[in-house]
Amino acid sequence: MLSDAPPAAALPGASPGATAAPARIVAFCSLPGSPLDPLLDWLRGRGAQLAPMPIRSLPLEWFDRYASSFDAALIDADFLGDEGAMIDFGLRLRRFAPDLPIIVISSRVAQSDYSTERMAICDVTLRAPLTATALIEALAVAVTNHDRWHEARFGRMQSR
123 MLSDAPPAAA LPGASPGATA APARIVAFCS LPGSPLDPLL DWLRGRGAQL
173 APMPIRSLPL EWFDRYASSF DAALIDADFL GDEGAMIDFG LRLRRFAPDL
223 PIIVISSRVA QSDYSTERMA ICDVTLRAPL TATALIEALA VAVTNHDRWH
273 EARFGRMQSR
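Per the numbering used here, the sequence shown starts with residue 123, numbered consecutively.
No lab work stands behind these hints: they were computed from the structure. Note that this is a predicted model, so its numbers are computed, not measured. A hint or two may mislead.
Per label pair, the in silico range of CB-to-CB distance [claimed, not checked]:
1) Gln171 <-> Phe218: 15 to 23 Å
2) Ala274 <-> Pro154: 36 to 44 Å
3) Pro157 <-> Ser179: 14 to 22 Å
All residues carry an ideal CB built from backbone N, CA and C; glycine is no exception.
With the hints as extra help, turn the sequences into a complete structure.
Listed below in structure tokens is the structure:
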């Protein structure tokens with residue numbers, strides 16, 4: 123069952139009990155009919171501003187122009203393809219949007235991983251199917267892990 127916890131509560135600048143600006147989340151997935159659709163609908167219902175993007179027809183110019191204008195990214199790795207395609211996509215997203223926390227969602231991983239082991243391509247990996255509670259937790263952990271990646275990569279904490 124999906125919780126009523128607001129997605130903005132897990133993102134930078136939000137504090138418990140405060141009214142936070144809607145989260146701006148880009149979701150790289152199939153359109154229409156992504157397995158992530160129920161979660162994306164849930165996020166929309168909680169005030170998140172979503173931009174679903176079809177991965178396979180995404181022009182490279184999109185990364186340069188728009189990738190850094192979001193608070194977080196969700197990637198449907200199952201739709202993206204094999205492990206190599208996921209790694210290439212994650213590296214590209216990191217390069218063009220170094221300030222963007224990235225959550226990879228896949229049914230092909232054994233379990234969710236909230237560690238920084240995959241920090242070169244993402245901040246959190248979630249095993250699908252997942253619950254809204256798992257997504258909210260992942261958003262919070264992704265921000266923390268992303269700060270660690272940013273500091274390791276650039277030698278300074280990310281300013282928010």
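Can you list which hints this structure breaks, lowest number first? none
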